[in-house]
Every structure is written in structure tokens, then in C-alpha cells.
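Visitor: Just need the whole structure built from these sequences, with the hints factored in.
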Amino acid sequence: MNCRAANLVVLGILGTVLSFGVPIAGGQAPQPRRTETVPAGNIENGKKRFQAHGCVSCHSFSGQGGAGARLAQNPITFQAFMNYVRKPKGSMPAFGSQVTEAELADIYAFLKSIPPSPDPKTIPLLNQID
Amino acid sequence: MNTMSNPEQNNSEQNNSEQSSVGRRKFLQLAASAAAMAGSSTAMSAQQETPARQAEITVNEPGALPPVRAGSDFMLDVMKSLGFEYVAANPGSSYRSLHESTINYGMNRNPELLTCLHEEAAVAMAHGYFKIEGKPMAVYAYSTVGLQHAAMAVYSAYCDRVPVILFVGNDTDAMKRVSRTDIVHTAQDPVAIVRDFTKWDDAPASHGHFAESAVRAYKIATTPPTLPVVLSVDKYLQELPLPEGANLRIPKLSPTLPPQGDYAAVKEIARMLVNAEFPVLAVERAARTPAGLKYLVELAELLQAAVVDTIQRMNFPSRHPLNQNDGRGPDLSVISEADVILALEHPLLQSVVNAGGEEGSPSRSRLTPGAKVISISSLDLFTRSNYQDFGRYQEVDMALAADAEATLPVLIEEVKRLITSDRRRVIEARGAKLAEASRRRMERNRVRATYGWDDSPISTARIAVELWAQIKNKDWSLVSRSDAMNGWPHRFWKFEKYYHHIGQSGSVAIGYSAPASVGAALANRKYGRISINLQHDGDLMYLPGVLWTAAHHRIPMLTIMHNNRAYNTEVMQVQQIAGQHHRDIGRCRIGTAIEDPNIDYAKLAQSMGWFAEGPITDPKDLGPAIRRALAVVEKGQPALIDAVTQPV
Numbered sequence: 082m083n084c085r086a087a088n089l090v091v092l093g094i095l096g097t098v099l100s101f102g103v104p105i106a107g108g109q110a111p112q113p114r115r116t117e118t119v120p121a122g123n124i125e126n127g128k129k130r131f132q133a134h135g136c137v138s139c140h141s142f143s144g145q146g147g148a149g150a151r152l153a154q155n156p157i158t159f160q161a162f163m164n165y166v167r168k169p170k171g172s173m174p175a176f177g178s179q180v181t182e183a184e185l186a187d188i189y190a191f192l193k194s195i196p197p198s199p200d201p202k203t204i205p206l207l208n209q210i211d
Numbered sequence: 035m036n037t038m039s040n041p042e043q044n045n046s047e048q049n050n051s052e053q054s055s056v057g058r059r060k061f062l063q064l065a066a067s068a069a070a071m072a073g074s075s076t077a078m079s080a081q082q083e084t085p086a087r088q089a090e091i092t093v094n095e096p097g098a099l100p101p102v103r104a105g106s107d108f109m110l111d112v113m114k115s116l117g118f119e120y121v122a123a124n125p126g127s128s129y130r131s132l133h134e135s136t137i138n139y140g141m142n143r144n145p146e147l148l149t150c151l152h153e154e155a156a157v158a159m160a161h162g163y164f165k166i167e168g169k170p171m172a173v174y175a176y177s178t179v180g181l182q183h184a185a186m187a188v189y190s191a192y193c194d195r196v197p198v199i200l201f202v203g204n205d206t207d208a209m210k211r212v213s214r215t216d217i218v219h220t221a222q223d224p225v226a227i228v229r230d231f232t233k234w235d236d237a238p239a240s241h242g243h244f245a246e247s248a249v250r251a252y253k254i255a256t257t258p259p260t261l262p263v264v265l266s267v268d269k270y271l272q273e274l275p276l277p278e279g280a281n282l283r284i285p286k287l288s289p290t291l292p293p294q295g296d297y298a299a300v301k302e303i304a305r306m307l308v309n310a311e312f313p314v315l316a317v318e319r320a321a322r323t324p325a326g327l328k329y330l331v332e333l334a335e336l337l338q339a340a341v342v343d344t345i346q347r348m349n350f351p352s353r354h355p356l357n358q359n360d361g362r363g364p365d366l367s368v369i370s371e372a373d374v375i376l377a378l379e380h381p382l383l384q385s386v387v388n389a390g391g392e393e394g395s396p397s398r399s400r401l402t403p404g405a406k407v408i409s410i411s412s413l414d415l416f417t418r419s420n421y422q423d424f425g426r427y428q429e430v431d432m433a434l435a436a437d438a439e440a441t442l443p444v445l446i447e448e449v450k451r452l453i454t455s456d457r458r459r460v461i462e463a464r465g466a467k468l469a470e471a472s473r474r475r476m477e478r479n480r481v482r483a484t485y486g487w488d489d490s491p492i493s494t495a496r497i498a499v500e501l502w503a504q505i506k507n508k509d510w511s512l513v514s515r516s517d518a519m520n521g522w523p524h525r526f527w528k529f530e531k532y533y534h535h536i537g538q539s540g541s542v543a544i545g546y547s548a549p550a551s552v553g554a555a556l557a558n559r560k561y562g563r564i565s566i567n568l569q570h571d572g573d574l575m576y577l578p579g580v581l582w583t584a585a586h587h588r589i590p591m592l593t594i595m596h597n598n599r600a601y602n603t604e605v606m607q608v609q610q611i612a613g614q615h616h617r618d619i620g621r622c623r624i625g626t627a628i629e630d631p632n633i634d635y636a637k638l639a640q641s642m643g644w645f646a647e648g649p650i651t652d653p654k655d656l657g658p659a660i661r662r663a664l665a666v667v668e669k670g671q672p673a674l675i676d677a678v679t680q681p682v
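From first to last, the protein sequence lines are chains A and B. For what it's worth, the numbering used here labels the leading residue of the first sequence as 82, then goes sequentially. For what it's worth, the numbering used here labels the leading residue of the second sequence as 35, then goes sequentially.
In short, the hints are calculated from the structure, not lab data. A hint or two may mislead.
What the hints assert, rightly or not - BS3-like cross-link-like pairs, simulated, lysine-lysine; straight-line CA separation at most 25 angstroms:
1. B/K531 x A/K202
2. B/K637 x A/K202
3. B/K406 x A/K202
Said to hold, decoys possible - What follows is a set of in silico ranges between Cβ atoms, one per label pair, in the way DEER data are often shown:
4. B/Q422 x A/A148: 21 to 29 angstroms
5. A/T118 x B/G425: 26 to 34 angstroms
6. A/K202 x B/R588: 42 to 50 angstroms
7. A/T118 x B/E371: 45 to 53 angstroms
Think of the CB as a built atom: it goes at the ideal place given N, C-alpha and C, for glycine as much as any other residue.
Guide: Shown next as C-alpha cells:
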């Protein structure tokens with residue numbers, strides 16, 4: 082178990098798509114309406130469950146998106162994440178109770194652990210494209 | 035129903051049927067004699083028992099046998115007159131005489147026989163070849179078992195409006211069927227299996243009839259809408275020796291000029307486009323030739339009109355600021371802004387101007403009230419019933435049954451004539467807005483490409499970018515489906531020339547891309563272009579034998595595998611249904627995954643004569659591998675890199 086995953090994270094909730102640490106319009110930090118306790122998650126197990134439940138087909142192995150939304154570096158609150166997985170909108174299949182809260186916590190921890198993507202300016206091949 | 039009459043009757047070149055029969059018997063006797071002479075003395079003795087045969091042997095010593103001019107020789111003359119460069123085929127006895135004439139009488143040049151390991155590969159190669167070369171390739175096949183194998187690829191060519199000309203051998207006369215094979219490989223009406231998705235077919239009953247039908251077939255196939263055609267060619271007619279002095283004639287091919295749209299209607303369309311506040315050009319197969327690409331660019335730039343391109347053809351430059359398709363499919367939001375939409379060769383227009391409508395739910399129009407929709411399409415001149423590729427019915431305000439490419443020059447001149455200085459200011463402002471949107475889209479894509487940049491398996495964006503860096507200064511051609519690698523090439527590569535991509539399969543069928551890419555690469559070979567095939571793993575395994583065909587015929591091409599070890603679209607489809615049924619979504623790789631064991635595509639390619647590397651899982655290894663493979667390709671050989679990729 083990765084200890085980082087065991088951290089309890091206190092989150093501010095602003096709807097269902099608020100990103101951690103990402104400034105909102107106007108550059109002001111969001112004011113939390115209430116706090117949320119996120120269950121401890123195991124990153125390694127989360128990675129395995131992310132694959133086992135077939136999430137990778139649409140979101141890729143590291144949650145970078147594809148046919149489905151990008152999940153890495155763009156985490157919604159855990160509660161919103163859990164709600165969406167169980168009862169999503171659009172073409173995503175509804176997992177309902179197929180995935181437990183503990184598994185979701187592990188997957189959530191895994192997605193949060195994915196390092197940020199590099200700045201495109203640091204990738205010479207991308208900058209050579211005119 | 036196609037039936038064969040007796041070729042010895044009603045045939046100008048065979049006014050003496052007895053003579054023809056004797057000619058055939060003599061040919062067989064000569065062949066038997068030659069075999070006997072080359073064999074044992076016992077065989078020779080047996081032959082000599084009959085005085086008549088003895089006399090023939092005396093006259094025709096081995097090496098001095100007079101050449102027999104077979105019906106298939108004349109058929110080949112007809113094919114040569116039509117300018118076929120290649121004929122793709124998997125060998126079959128019902129066209130053995132055409133085969134032999136091709137390699138010996140025609141000396142295997144124009145057409146050259148391409149050895150294919152499956153009839154579906156043969157037709158798909160012809161499909162890809164046309165997309166580059168702009169002229170049909172011939173295909174030989176068995177009328178029954180061969181045509182059944184070929185049928186899927188014929189359907190793709192049909193959906194993609196590609197002319198392929200098939201010559202299928204058939205043992206028409208029951209009295210001449212000898213073996214079990216002859217019997218079970220024969221049909222009364224062999225072309226019936228593909229008639230719903232071909233434009234024309236015939237079963238010529240004489241050599242003269244063959245000549246007329248072959249020239250007619252070519253003419254019909256290459257007249258827009260261009261589509262596949264089939265000739266059922268009787269085996270006996272192929273093998274029948276032509277009598278001395280046979281007076282056979284090959285008709286001149288008189289190509290049909292594609293129809294231009296009605297001039298008054300074209301003038302009205304020009305007026306509507308020039309006066310529009312936000313005109314949109316919706317294109318599917320608008321550019322039949324490089325000229326079509328040039329015209330479309332000229333029209334779009336004159337109007338500074340947004341172009342919604344489904345990239346079924348190389349219609350419009352990928353990075354042009356007016357292009358609304360950045361590889362992830364056309365951005366249809368511009369349809370909602372449009373007051374005039376001009377659709378060019380677009381059978382699926384209904385799905386462009388409407389949203390939703392899946393699974394019986396009502397579709398919702400994207401059109402603003404009062405928006406006008408105009409269609410110019412040659413498909414209005416030819417429609418079949420059974421297969422539904424013509425799409426759902428779309429109401430339009432004006433429909434021209436005409437070839438779009440042939441109509442564009444007149445339309446362009448009318449547009450030029452009508453643009454006033456006032457309208458020019460409006461047009462330029464519109465163009466500036468679209469250019470700014472295009473620039474922002476490009477920057478977003480540059481950021482998106484960083485997602486999972488260093489991931490293993492490798493992201494498809496990384497593959498597209500690594501490859502582009504190494505080919506952008508070469509003369510390259512994407513010979514696989516134009517939406518390959520999740521459309522990333524279209525986001526970054528500069529598709530500008532007509533041969534820069536070959537569009538899509540038409541049928542959206544798996545199994546098309548690998549053989550079509552080999553056919554397109556063959557067409558590119560004589561121009562010295564680097565052919566790039568971005569190859570889905572599932573698609574390759576339909577017809578992997580085409581790798582051998584590419585190596586055997588020294589067709590240079592670089593194949594990079596999009597090896598996600600699954601039919602991933604189907605994984606997602608089954609997952610969606612499992613969700614609807616409230617059942618286990620995690621089990622949906624059963625029946626869709628291509629793993630356990632993983633296929634080693636490098637070894638597969640190596641076994642068929644390719645240079646190959648992989649599997650490559652670390653993105654850092656990709657660039658050097660591409661460099662090594664390109665060096666091989668530039669020496670004239672095919673090379674494959676097995677890149678293990680993200681699922682999507």
C-alpha cells in the first residue's frame with residue numbers, strides 16, 4: 082500500500098467538476114461550502130481496479146482520456162466521482178453497485194497520484210510543429 | 035439472369051463450330067504429346083499406338099509447337115487496351131487461362147499479376163491503389179468461392195465509390211465440368227452475390243461480346259458515381275483457341291464526361307453563397323481527383339467558408355484555417371451558425387444537419403430557422419435498394435444531380451463574379467474569425483498531446499508526433515485509414531496534396547486497411563513516395579497474408595502498429611450494453627481482447643520477409659526505431675514497427 086494514498090483529503094466542493102488546486106475564473110481560490118472526508122485509498126490497488134473494471138478502454142491506462150473524459154489531474158470531488166461512476170450521464174456505462182466504495186477510493190487515489198503532464202513548451206517535438 | 039449461349043454459335047470469329055472443336059481437340063492432343071515427349075519412353079510408346087497421333091508428333095516436335103492463340107489472349111489484349119497496370123489475384127482454376135495468358139502471352143506487364151493470398155485482399159488492394167493512382171486495378175477471382183471471399187471488399191469499394199473491375203471465371207457449360215471442383219465452384223448466376231453492391235455486370239457469351247462488355251464495364255465503373263463492376267468470364271471461352279484469321283475487334287473506350295450541374299441552378303447557388311452570412315461547405319467525397327482538392331480550396335477561400343469534412347477523401351488541407359475537422363471528426367457546431375450549407379457528394383448529410391436520432395429516438399435539427407441546404411451529388415443519378423449506404427433521407431432546398439467536382443469550376447467563376455467590395459469585407463471578417471478559432475484549436479491540441487506523453491503503453495498522440503518529425507520533410511503518403519491513431523495525424527500533420535491520405539474504407543469494415551494500404555503503397559512506389567500505414571492490430575489479423583504480398587512484390591512502406599491488443603471499439607460497445615443491463619462491465623474483454631497470447635507482430639512480419647522491430651512499449655524507443663525502419667523503406671523494402679499503444 083502506498084502511504085500517500087492513505088492520506089485523508091479534505092476537499093471543497095463546488096459542483097461536480099471542481100479541480101483540486103486549479104484556480105477558478107478570476108484567479109481567486111474557491112471557498113469551501115463544506116468539508117468532505119475521503120476514505121483512504123490504495124494507489125496500487127486502484128490502478129489494478131481501474132483496469133479490472135474496464136475503465137482503461139475509454140480513459141486509457143493512466144486516466145488521460147480518449148473516448149472518455151480525462152480523469153488524471155482533473156479530479157472532481159470523491160463524492161461527485163462516486164456518484165458519477167454509479168449513475169453517469171451520456172454514453173458511459175452505469176456501474177451502480179458493481180464497484181464498492183473502497184474500490185472507488187482506491188481508484189480515486191490512483192488517479193490523484195498520476196503526475197502532471199509536461200508543459201508542451203518543454204517537448205521539442207511538439208514545438209517543431211508549426 | 036445471365037446465361038451462356040453456345041460460343042460456337044452466333045459468333046463472327048467462329049463461323050465454323052466444327053473447326054473450333056477440332057482446334058480445341060488438337061490443342062489438347064498437342065499438349066498431351068508434349069508431355070509424353072518430355073516423359074518416359076513408355077509414355078511415348080503409348081502415344082505412338084495411334085497413327086493419327088503419331089503423325090502429329092512427327093509434325094510438332096517439342097520446342098517447335100506452334101503457339102496456340104487462346105481466347106484469353108484476346109481477352110488480355112482487351113485488358114491491355116484499357117490500360118490496366120496490375121491485376122490482383124488469388125489463383126483459381128476457373129480463370130487459369132486468363133492467368134496463363136497474363137504471364138506468358140502478356141509477359142506479365144501491364145497488367146502485372148499481383149500474387150494475393152486471399153480474394154478479399156486482392157479487391158482491397160485494388161481499392162487502395164485507385165485512391166492514389168486514380169484508375170482501376172483489375173482483379174481475377176473464382177466466380178463462386180473467390181467472389182464469396184471477395185464480397186466484403188467489393189462492398190467496401192461500393193460504399194467508398196471506388197471502381198474495381200473484377201473478372202471472375204465460371205464453368206458455365208455443365209457438359210464441360212469434369213472434376214468435383216469444376217462442379218461445386220460453378221454457379222448459374224455467380225455475380226448475384228455482389229449485384230446489390232456493384233454498378234453493372236455481364237456474362238459475355240463470345241470473345242467479341244467479352245471485348246464490348248469489358249470496355250463497357252470500364253466505362254461504367256469510371257463514370258461518376260464510380261463503382262465496382264463484374265464480368266463473369268466463361269472458362270471454356272477463355273481456353274478456346276481462336277481460329278486462324280479470327281476477325282476480332284476491340285472497341286475504343288469512350289469515357290463519359292461527368293455531368294455538370296444545371297447552369298441556372300449553379301448561378302443561384304453562387305448568389306446564395308456570396309450573400310450568406312455564414313456559409314458552410316459539407317464535404318464527403320467531393321474531391322475525386324487532385325483537381326477537386328484545388329477547386330474546393332479555391333471556393334472555400336473565396337467565400338472564407340467553414341469546411342466540414344468527413345475525410346472520406348483528401349478533400350481539403352488538414353491544417354487549413356477553414357477546416358473544421360481536426361481529426362476527431364468534424365466540428366458540427368458551425369452547422370448551427372450556418373445560413374447556407376452546400377453539401378458536396380455527401381450521402382450522410384442527414385447526420386450532419388441533425389443531432390441524436392440514435393436507436394429510434396427523434397433526431398434534432400442543428401439548423402437555424404431559415405437556413406438553406408443545397409446538395410450537389412452524382413449519387414442522385416444512381417441508387418441501389420438493398421444496402422442502406424445511401425443514408426437517411428435529408429430534406430434540402432435544392433438538389434443537383436451532378437458531379438460535384440465537375441460543377442465546382444462553374445460555381446467558382448460565378449462566385450467570383452458576384453463578390454462585391456462590400457461582400458468582400460464581410461467575407462474577410464468571417465475568415466479572420468475562423469482562423470483565430472483554428473489557431474486556438476491547434477494550441478489546445480498541443481496541450482492534449484502532452485497527456486500521457488511518457489506513458490507506457492504509448493499514447494497515439496506520441497506516435498503521430500514522433501512520426502511527423504521524421505517524415506514532414508519527405509514526400510509522404512498516409513495509406514491507411516485517414517482517422518488512424520485516433521485522428522492525431524490530422525491534428526498535426528499537414529495533409530495538403532491529394533495523395534497525402536486515401537480517406538476511409540467506405541464500409542467502416544475491419545480488414546480493409548492492411549490490404550488497401552499495400553495497394554496504395556504500390557501506386558506510390560513509382561513516384562518514390564514514403565507510404566505510411568498506421569495499422570490497427572485487429573484489422574491486420576483479418577488478412578495478414580498481405581504482408582507477404584507486399585514483401586514479394588517489393589512494395590516499400592512503413593507500417594506502425596496501433597497495437598492496443600483488442601477490438602477496443604467493441605470493448606466499449608459491450609461495456610455500454612452491460613451497463614444498460616446492470617451486469618458486469620469488467621467482463622467485456624471476453625470476446626473482444628486480442629491477448630493471451632499477445633501477438634508478436636514483428637515476428638509475424640519478419641516471417642513474411644519484412645524488416646520489423648518490436649514490441650515497443652517505451653515511447654523513448656519509438657523515435658530511433660522509426661529512423662531505422664524509414665532507412666529500410668527508403669531502400670525499397672517494407673518495414674514494420676510494433677508499437678504497443680494505449681487503448682484509445
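Visitor: Against this structure, judge whether each hint is valid.
Guide: Here is what the structure says about each hint:
At most 25 angstroms may separate the alpha-carbon atoms for a hinted pair to count; B/K531 and A/K202 exceed this at roughly 29 angstroms. Of the supplied pair hints, the one linking B/K637 and A/K202 is violated, its CA atoms being roughly 38 angstroms apart against a limit of 25 angstroms. Distance hint between B/K406 and A/K202 is unfulfilled; the C-alpha atoms sit about 44 angstroms from each other, more than 25 angstroms. A hinted range of 21 to 29 angstroms for the beta carbons of B/Q422 and A/A148 is consistent with their spacing of about 25 angstroms.
About 53 angstroms separates the C-beta atoms of A/T118 and B/G425, a value inconsistent with the hinted range of 26 to 34 angstroms. The supplied range of 42 to 50 angstroms is met by A/K202 and B/R588, whose beta-carbon atoms lie about 43 angstroms from each other. Between A/T118 and B/E371 the Cβ separation comes to about 47 angstroms, which falls inside the hinted range of 45 to 53 angstroms.
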